[in-house]
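J.: Protein chains in written order, with our numbering: chain A, 1 to 476; chain B, 1 to 440.
Honestly, the hints are just simulated from the structure, not real lab data. Note that CB positions come from ideal geometry on N, CA and C, so glycine has one too. Be a bit skeptical, because a hint or two may be false.
[To be verified] Residues from chain A shown here face chain B by an in silico Cβ test under 8 Å; the list is partial:
1. E18
2. P50
3. R57
4. N84
5. V94
6. R103
7. P105
8. N111
9. R147
10. G323
11. W328
12. N358
13. A439
14. T452
15. S468
[What the hints assert, rightly or not] Take a look, some chain A residues computed to stay more than 10 Å from chain B by CB distance:
16. V69
17. D199
18. I384
19. E442
[As the list claims (entries may be wrong)] Rough simulated footprint, nothing fancy, chain A against chain B, three-plus residues with beta-carbon under 8 Å:
20. 25 to 34
21. 176 to 183
22. 233 to 243
23. 271 to 279
24. 289 to 299
25. 403 to 416
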Amino acid sequence: MQHYDQARFYEDESPAYEPLLSEKFQRTVEVEDSPLPEELTRDELELPGPTEPEFSRHYVRLSQQNYGVETGPYPLGSCTMKYNPPFTEDAAAVPDGLVHPDRSPGSVQGNLELMYELQEYLAEIGGMDSVTLQPPAGAAGEFTGIRIAAAYHEANGESHRSEVVVPDTAHGTNPASAAMAGYDVVEIPSGEDGRVELDALEAAVGDETAAFMLTNPNTLGLFERDIEAIADIVHEAGGLVYYDGANLNALLGRGRPGDMGYDIMHFNLHKTFATPHGGGGPGAGPVGVTEDLAKFLPTPQVEQSGDSYELVEPELSIGKVHGFQGNWLVLVKALAYIARLGEEGLCDTSAKAVLNANYLAEQIDIDIPYEPFHHEFVASAGDIDAADMAKRMLDFGVHPPTTKWPEIVSEALMTEPTEAESKHSLDRLAAAFNRAAEADDEELHEAPNRTTARRIDQADAARNTRLSWQAMDEDD
Amino acid sequence: MSSGSPFAPGSDSERAEMLEAIGVDDVEELFDIPDGVRYDGEFDIDARSEPETIEHVAGMLGANDDLTEFLGRGAYDHYIPSAVDSLSTRSEFLTSYTQYQPEVAQGFLQALFEYQSILVELTGLEIANASMYDAASALGEAALLASRVRETSGDTLLIPEYVREERVSVLENYVAGQDLSIERIAMEDGTVDVEGLEADIDEGSLMVYAESPTTRGTIEERLAEIGEIAADHDAMFAVGSDPIALSLLEAPGDLGADVVIGDASVLGMPNAWGMGLGMFATKKSYLRQVPGRLVGIGEDADGKRAYTLTLQTREQHIRREKATSNICTNQAWVALRTAMHAAWLGPDGLLDLAESMVELPIELADRLDEITGIRAPIHDRHHFREFVAHTDQPAPAIAEDLEAEGFAVHAVDEHELQICVTETNEHAADELVAALEAVI
């Protein structure tokens with residue numbers, strides 16, 4: 001981050017931050033002689049209006065204050081911050097594909113073919129029978145999947161099923177999606193080995209169970225070895241088994257959720273299939289289902305009919321989960337990535353992702369309570385506050401792992417290096433871990449020192465909430 | 001062709017060194033997957049070189065017909081400045097994730113803070129979040145917000161007849177688990193039948209929704225009255241709009257709106273098969289019930305200004321089943337582009353664009369009205385970007401014939417076409433008029 005300070009005009013008293021657009025360029029324009037009657041229009045509009053050169057410098061400066069995958073290692077656990085190859089941007093920018101969503105199916109055969117091909121690729125990779133591309137993010141995929149489960153139970157005359165079961169290590173989106181779909185969430189504690197305990201599951205499921213949601217490998221990176229027995233227990237109780245695809249990067253070509261007894265799954269195209277995370281989104285969360293559930297998928301589905309493709313409404317569709325077809329550009333990028341890698345590239349991806357996590361773990365001198373892990377592991381910072389340790393790691397020019405979660409590991413450092421790091425890069429990342437772990441209290445509390453902003457007082461920002469430049473003018 | 005992934009560095013000897021450090025002979029030993037569920041097949045997916053991949057994608061997409069689109073109804077095409085493309089695709093923005101470590105994410109946080117601020121000005125409300133997926137999901141979240149903050153109120157959502165069915169279907173999914181029901185409000189000449197609403201609304205109403213501009217391109221002139229009717233029955237008032245229209249229209253927050261939703265990607269994104277950006281703005285009194293991420297301003301250890309995600313205790317990664325929403329990954333990059341586009345245009349550029357979106361549809365409608373067999377616009381209202389025309393002949397057949405002539409328009413009813421015109425297709429208006437004359 002040092003390059004940032006060196007690259008700009010600097011005075012002792014000058015602030016570290018880039019002034020807001022509003023502080024440099026705010027202008028007020030009166031609304032006069034508009035083609036609408038005055039009573040329908042605003043009186044004035046007050047917004048920034050930089051010239052283009054000023055505008056460009058503003059955003060370049062902001063970009064220089066931001067850490068991305070091309071800046072350095074980004075080992076956020078369960079986020080799969082892998083390299084995003086730029087050719088996928090070119091594929092998404094092909095002008096022929098940038099069409100309006102209400103075009104007649106006959107006039108957009110190219111888009112439909114691409115969607116069909118991606119549906120087929122994902123079905124094969126996940127071992128599922130049918131896939132919808134509509135959910136615009138992983139959590140939207142979970143919500144879609146749970147709505148499908150609800151429709152399935154309703155069709156079977158079992159609408160009374162009111163519970164969704166999750167392990168205590170589940171991603172927060174799992175219980176949140178189930179609750180949003182109207183279900184009561186039943187959380188079961190993990191066993192001593194960090195996996196689902198069959199007795200606990202057996203006790204939790206029953207006549208009220210609509211679904212059990214389970215990531216595999218789970219958030220500790222452990223493969224749920226009892227997955228077949230788990231699926232049997234849930235199915236016997238009449239529930240469905242849902243696969244959270246956040247950790248699919250560990251399994252490509254080694255295991256398919258559809259073969260393990262899962263009924264419904266989502267894919268995170270922005271994780272496993274390398275589409276850029278964009279500072280928080282857009283992503284895409286396609287959902288795959290078994291044959292029995294295909295009739296409940298969102299509408300429309302793309303189907304092949306002879307040489308052409310058509311949009312079809314599944315028989316008992318749950319309806320729409322996105323206003324149109326989902327995040328199209330993300331779908332194109334993921335299709336391009338899969339088509340580039342092919343079978344061998346996809347399998348190598350998981351091999352290298354798992355190799356990298358295990359190698360990194362070997363190089364760091366920090367306790368990792370649960371093994372054998374796959375593409376990610378959860379280390380424990382022990383006596384050190386995991387958040388402090390993360391801030392200290394920032395000073396070594398790397399992005400730290402996800403901190404303080406999952407809670408079954410104290411002071412958790414949930415680490416997923418992905419396949420994109422070289423051995424050299426992993427060595428550097430390990431050194432950052434080890435040096436941060438050796439830091440004394442003062443160094444930990446002072447950190448970070450070499451970033452654009454130093455430690456930010458989050459509690460104060462939450463107490464004195466200001467969410468816009470307009471609010472900054474209010475009294476502090 | 002390499003047998004591995006080009007994006008997974010490491011020569012064979014380097015990988016061997018890593019395996020040795022771990023203490024295994026083969027990477028497959030690291031996969032702790034029981035034989036019963038171990039996949040022993042191969043994907044039927046061929047690898048391609050980079051140029052072959054681009055050719056594969058471009059080859060498929062090339063099968064699309066090259067039509068000039070006069071399509072709208074919730075998805076709109078505007079000119080995207082080159083600077084927005086080049087700056088938003090800088091990899092520090094594009095390849096970053098959610099700002100969990102704000103000290104190394106000040107740039108994106110500031111851009112999102114600026115996006116929130118721009119929406120505050122445009123909507124006239126006090127707070128905006130850092131994005132939802134699209135207008136439909138933002139409407140769903142508005143309904144869920146209403147059910148949280150109006151606990152003493154009813155359970156019926158009043159949705160105008162003109163709203164897109166797809167948007168209503170998404171809303172149905174969002175509220176299906178919360179025992180809320182949807183009732184449609186009748187339309188009177190392309191806008192809400194305000195008298196009908198007043199007669200129908202009762203204490204069972206939880207939320208009233210209206211759009212301006214509407215899906216049919218009309219401007220809802222009686223928003224304030226609709227808002228008063230909602231308030232009189234303790235119902236939340238949600239307004240659907242977009243940032244270009246809001247540059248000119250009176251801010252909904254000044255007309256009684258409690259929430260403003262819509263697709264903000266009309267700024268920042270070209271037509272992309274419906275990929276959007278859910279705008280979500282509301283009152284500060286609902287702060288702790290807002291869905292999605294919020295960027296706030298604060299100070300770092302040196303007392304300098306700094307930005308951070310704030311009030312995260314509302315969110316799923318902390319609150320789990322008690323979170324205000326399940327949303328995690330959002331549309332942050334699109335929000336960045338929207339803020340960029342707004343700043344590039346500036347207030348005068350935005351206002352000019354909005355004013356031309358009032359003028360263009362009427363100019364085109366007047367020309368269509370001169371064609372025998374077409375009456376346009378059918379609604380005696382002000383319009384924005386688009387309008388509905390009556391056709392004596394069946395509209396679907398006309399739309400089909402127009403497609404053969406190279407134009408895409410909506411057939412929205414047996415005798416209704418809907419036509420959308422912006423600065424990106426205005427140049428082809430003469431040809432559209434000529435084609436319509438030819439096919440009728």
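J.: Are the hints correct? Go through all of them and say.
T.: Now for the hints, and whether the structure bears them out:
1. E18: holds (7 Å)
2. P50: Holds. Min distance 6 Å.
3. R57: violated (10 Å)
4. N84: holds (5 Å)
5. V94: At about 5 Å, which falls below the 8 Å cut-off, the nearest Cβ of chain B leaves the hint on V94 of chain A intact, so it holds.
6. R103: Holds: closest Cβ of chain B sits about 6 Å from R103 of chain A, inside 8 Å.
7. P105: violated (11 Å)
8. N111: Since chain B brings a Cβ to about 6 Å from N111 of chain A, closer than 8 Å, the hint holds.
9. R147: With Cβ-Cβ at 6 Å, under 8 Å, it holds.
10. G323: holds (4 Å)
11. W328: Holds, about 4 Å.
12. N358: With a closest approach of 5 Å, the N358 of chain A hint holds.
13. A439: This hint is violated: A439 of chain A lies away from chain B, its Cβ roughly 16 Å from the closest one there, beyond 8 Å.
14. T452: Because about 5 Å separates T452 of chain A from the closest Cβ in chain B, which is inside the 8 Å limit, the hint holds.
15. S468: holds (4 Å)
16. V69: Answer for V69 of chain A: violated, closest chain B Cβ roughly 4 Å.
17. D199: Its Cβ never comes within 10 Å of chain B, the nearest being 19 Å, so this holds.
18. I384: holds (17 Å)
19. E442: holds (13 Å)
20. 25 to 34: Since three or more residues must qualify, the claim that chain A covers the region 25 to 34 of chain B holds, with 7 doing so at under 8 Å.
21. 176 to 183: n = 4 at 8 Å, threshold three: holds.
22. 233 to 243: Since 0 is below three, the answer is violated.
23. 271 to 279: That given contact holds, which follows from 6 residues of the region 271 to 279 of chain B lying within Cβ reach (below 8 Å) of chain A.
24. 289 to 299: Three-residue rule met by the region 289 to 299 of chain B, so holds; n is 7.
25. 403 to 416: The restraint on the region 403 to 416 of chain B holds, since 3 of its residues have a Cβ under 8 Å from chain A and three suffice.
Consistency note: the structure conflicts with the earlier hints numbered 3, 7, 13, 16 and 22.
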